[in-house]
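*Asks:* Assemble the whole structure, with the sequences as input and the hints as a guide.
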Amino acid sequence: MTQIPVAQTPSVSLPRLSTTVAGPADGPGVLLAHGATGSVRDNYGTLIPALTATGHRVVAPDYPGSGETPRAAGPLELDALADAVVAEAVAAGLETFTVIGFSMGTAVSVRAAARHPERVRGVVLTAGLAKADTRAQVWLDLWLRLLERGDYQGFAQARALSGVAPEHLNALPPAELAAVLDPDPTLPPAGSAEQAALVKVLDTTADLPGITVPTLVIATTRDALLDPANSRYLADHIPGAEYVEIATGHLPMVERNAEWLALIGDFLAARGL
Numbered sequence: 000m001t002q003i004p005v006a007q008t009p010s011v012s013l014p015r016l017s018t019t020v021a022g023p024a025d026g027p028g029v030l031l032a033h034g035a036t037g038s039v040r041d042n043y044g045t046l047i048p049a050l051t052a053t054g055h056r057v058v059a060p061d062y063p064g065s066g067e068t069p070r071a072a073g074p075l076e077l078d079a080l081a082d083a084v085v086a087e088a089v090a091a092g093l094e095t096f097t098v099i100g101f102s103m104g105t106a107v108s109v110r111a112a113a114r115h116p117e118r119v120r121g122v123v124l125t126a127g128l129a130k131a132d133t134r135a136q137v138w139l140d141l142w143l144r145l146l147e148r149g150d151y152q153g154f155a156q157a158r159a160l161s162g163v164a165p166e167h168l169n170a171l172p173p174a175e176l177a178a179v180l181d182p183d184p185t186l187p188p189a190g191s192a193e194q195a196a197l198v199k200v201l202d203t204t205a206d207l208p209g210i211t212v213p214t215l216v217i218a219t220t221r222d223a224l225l226d227p228a229n230s231r232y233l234a235d236h237i238p239g240a241e242y243v244e245i246a247t248g249h250l251p252m253v254e255r256n257a258e259w260l261a262l263i264g265d266f267l268a269a270r271g272l
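Mapping the sequence shown onto numbering that gives the first Met the number 0, position 218 (from 1) lands on 217, and the numbers just tick up by one.
Keep in mind that the hints were calculated from the coordinates and are not lab data.
Be aware that a few hints might be false.
[Stated by the list, open to error] Between beta-carbon pairs, the in silico distance windows are:
| id | residue 1 | residue 2 | range |
| --- | --- | --- | --- |
| 1 | ASP265 | ASN169 | 24 to 34 Å |
| 2 | THR53 | ASP202 | 17 to 27 Å |
| 3 | GLU117 | ARG148 | 42 to 52 Å |
| 4 | ALA246 | ALA269 | 30 to 40 Å |
| 5 | GLY149 | GLY73 | 15 to 25 Å |
| 6 | ALA21 | GLU117 | 20 to 30 Å |
Beta carbons are placed, not taken as given, at the ideal position from N, Cα and C, and that holds for glycine.
*Replies:* Here it is in structure tokens:
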């Protein structure tokens, strides 16, 4: 097999990403890019076993300040983050792969496909964006203000209101609601502020027309954080992209997990990815 060159050197130095690798070594490769203020465990705890069950080789890095990855020395930058997650896939032995992104991870995925087209065979984008709209900017400003003040109770409340649909939040049993609203300062990833700050400034609009691999865009139609119009924009501007919807808030893995997993699994199977 022809050897593909290693990933480009990140334009900004980042710590080595702590990475989960799972599935058979000879399976089709999948690289996962999680969302801001999230982690591999939070966003992909159900997707990883579903992918490995179908024979995929999964590489799932935690961004700086998430999981076991130390925080970056300075602000996060999209090119560097995209290069770093691709480098982890290469280090794990993947020459080519499908990249699956959630929330901010959709921008990381698009930038990875734009900067490493020789590596990326397919793209799946859930609850994503190309550039933060006014509503998202307001949410992000609120998150950052609460984190700066150390108001972890307020941050938990803001994430609950923006993360799930009203009917899901209203139906939570008392114990589950208490867990969602837990003000423990160790629960949000240490790099939450840097990750949220990156969402405020990222912009992949110029990358979208150049994405030519099979792409699935999954819109979350009850999303209070990233309006589904953002997903529609991604689908409209990526040539040939498939577009589907889930009637859920921002976190389909919480509200409609089985449906979300099925959409991803069916797309990968149909496209031979």
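*Asks:* Against this structure, judge whether each hint is valid.
*Replies:* Status of each hint after checking the structure:
Between ASP265 and ASN169 the beta carbons are some 31 Å apart, a value that agrees with the proposed interval 24 to 34 Å. For the pair THR53 and ASP202, the supplied restraint of 17 to 27 Å is violated, since their beta-carbon distance comes to about 34 Å. For the pair GLU117 and ARG148, the beta carbons lie near 45 Å from each other, so the given range of 42 to 52 Å is met. For ALA246 and ALA269, the hinted distance range of 30 to 40 Å is not satisfied, since their beta carbons lie about 22 Å from each other.
Remark: the range hint 15 to 25 Å for GLY149 to GLY73 is upheld by a beta-carbon distance near 21 Å. Between ALA21 and GLU117 the CB atoms are about 24 Å apart, so this pair conforms to the stated range of 20 to 30 Å.
Violated hints for the displayed structure, listed by number in ascending order: 2 and 4.
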